[in-house]
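So the sequences go chain by chain: A and B. Going from the first sequence to my numbering is simple: count from 1 and add 66. Going from the second sequence to my numbering is simple: count from 1 and add 469.
Do not rely on the hints blindly, as some may be mistaken.
To be verified - Which bits of chain A does chain B cover? Going by a derived footprint, with three or more residues having C-beta under 8 Å, they are: (1) 117-125; (2) 304-315; (3) 320-332.
Please keep in mind that the hints were generated in silico from the structure rather than gathered at the bench. Even glycine gets a Cβ: it sits at the ideal position worked out from N, Cα and C.
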Amino acid sequence: MPEQRVVEPDYLLLEAPREKKFITGSQAFAEAVKRANVDVAIAYPITPQSETMHLVGDLYAQGYVKDYYRAEEEYGAMSAIAGAVRGGARAFTATSGPGLLRGLEAIVSWPGHRIPAVLGVMTRVVNAPLSIQPDNVEISYLLNSGLVVLHAENQQDVFDFTLAGFVISEKVDVYLPVVVATEGFFVTHAKGYVELPPEDMKLPPRDPYKAPVPPTDCEIPPARIQRDAPVQKSNFMSYLIHAVWQQEVWSANRRAAKWIKHYLGGLIEVVNPDAEVFVVASGCAAAQGREAQRYATMEGLNVGLIKVKSLRPFPVDEIREALKNAKAVIVPEHNIVGWLAKEVKAAIPNSGIVVDGPRVYGGMTLPVELIMEEIYKAFGIKKEKKVVV
Amino acid sequence: MAKKNPIQPGPEGYIPTPAAFQGCDLPPPGKALLYGEIVDEEVAMREAAKALLTRRNPTIFPGPLVLWGWNADAMEKAKAVLELAMEIPNCRIIPMPDYRPKYPKIDPEAEINPNHPNLTILHNKIEACIFVGVHCHYANLSLRMIRAGTNCFTIALCAEMGHEDAMVSLRDVHADEIRKFRDVVVEVRKELGIEWEPKLPPENPSLPKEDWVKISPLDFGEYAYLLIPRRGEIVEESE
Chain A
67 MPEQRVVEPD YLLLEAPREK KFITGSQAFA EAVKRANVDV AIAYPITPQS
117 ETMHLVGDLY AQGYVKDYYR AEEEYGAMSA IAGAVRGGAR AFTATSGPGL
167 LRGLEAIVSW PGHRIPAVLG VMTRVVNAPL SIQPDNVEIS YLLNSGLVVL
217 HAENQQDVFD FTLAGFVISE KVDVYLPVVV ATEGFFVTHA KGYVELPPED
267 MKLPPRDPYK APVPPTDCEI PPARIQRDAP VQKSNFMSYL IHAVWQQEVW
317 SANRRAAKWI KHYLGGLIEV VNPDAEVFVV ASGCAAAQGR EAQRYATMEG
367 LNVGLIKVKS LRPFPVDEIR EALKNAKAVI VPEHNIVGWL AKEVKAAIPN
417 SGIVVDGPRV YGGMTLPVEL IMEEIYKAFG IKKEKKVVV
Chain B
470 MAKKNPIQPG PEGYIPTPAA FQGCDLPPPG KALLYGEIVD EEVAMREAAK
520 ALLTRRNPTI FPGPLVLWGW NADAMEKAKA VLELAMEIPN CRIIPMPDYR
570 PKYPKIDPEA EINPNHPNLT ILHNKIEACI FVGVHCHYAN LSLRMIRAGT
620 NCFTIALCAE MGHEDAMVSL RDVHADEIRK FRDVVVEVRK ELGIEWEPKL
670 PPENPSLPKE DWVKISPLDF GEYAYLLIPR RGEIVEESE
């Protein structure tokens, strides 16, 4: 392990020289953790996440991570992460599909307890029949909990979102957990080019005293500052305290927007802003949408792409502005419920222009042709489908 | 379209919309918030001073970061808070010593509590107040509840990035900045023609008289059991 020197987050994320490597999404997660000055990582195996936490375990062996252990199961892992973060540590863990749901009760308590941790979610099917394929319906469970949720399109996003996630989550006006979700296998087990800053640099250590809540229980005797008093002593709360507590969590979630813009260049990416028809997508679907936009342009069709990087905070204003002149909006997704289509419909005044789909789920890949079919329909172009036997 | 100056003294109603939901952003370094809008610090300070000098029962609520932050910075900040209090006519100090809900009920003359900050405001008829040294999360809870149910003009002197739900919010405030605010208060006071000789706020009659010589196990609250005292024993010395 090289000697790592502490550098400012802005330098590491935005200015440091970068070197191109050809690595998997799991390796990209680990490369981010390597530079994040992580105190503790806690793992519980589940496919397709296991490889990531295995690699983080290697980082522990090499000295990049100060503590690492395997929890008894996901609920224990997520609870222990909360404990470690309350104790002042910077923490990382990752999970997938059913593992996420098993840990969900603990995870959704993190925002209310103001736990700044980073959680990698490598999506996979959660519904029966059993499958380990990369359906991303599980993201919909995270959207209403107060977590900051970023959705990575590729290996580069995985690295950038994860490293920036640690910085964003610990900003005093945010102080919330950050989820970096990406499609299992499609991204985690596939290689892509990733521009990496030097591995002999790392983020400054976490300063738990820079917090909007007391860093830990029993901090300042003789008056005991109980960390989450209103949460735990409900009998003596006012009617309003729970409401304003939740409001404060969601206010913090909104405040994350400016840091996401600062470190990740915006909540959305827009390709061809003057288009008539837009593909709006996140995660892997954005990669397929990007290809569809490219094909459509080659065919002379005026199609644009909006890649949604941040699902929470959701870029309502940005999407509304980008779609103000759109005639049709196609929302391809890797799940059956269409959580992104619902969000896009709710964000714009003329929701009737949103096409529900195409959607694939249960491990199917999302061919560009499916998106092209919707693009042709939006332009009123008829294409014959022929089966040659 | 965003409303101009959306964060005004209440009562806003049953459950006010958080300022962050109304599009109010925290100020960048060197700036401040006035009624939810980003302005120059000087402008916000003068408006805050005017409120403290013209509204009923101005009160400072120092929080744990001033009261219990036992380090040089916190001590200097606490001194600066007292210097500020001296310059505000008939100013009172009501502490926010911790964030626990109070059993069986809060004593609104002794302290303010984030579970019921409005009760302390209403009981004492406070129409202008300053939050200082309160952890940001708890300050935000309190400021919003005060805006919901009272007409109090709230001022947040924040050591971090500020608070959208206060009528006036200054950021990066430490002892020097509090003294700068004190100077603005004195200046505005003179402009308003208010005569005042600086003096410390009165002792809070609701608090037990401090005995700086003897420490009772009761002073250690729920840690008292660690001392294993006999019933009624008074500890004369401690390390």
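Evaluation of the provided hints:
1. A count of 0 residues in the segment 117-125 of chain A with a Cβ less than 8 Å from any Cβ of chain B is obtained; the coverage claim is therefore unmet, three being the minimum.
2. Figure legend: the segment 304-315 of chain A, annotated as covered by chain B; annotation consistent (8 residues with Cβ-Cβ distances under 8 Å, at least 3 required).
3. Counting residues of the segment 320-332 of chain A whose CB lies closer than 8 Å to any CB of chain B gives 3, so the stated coverage by that chain holds, three being the minimum.
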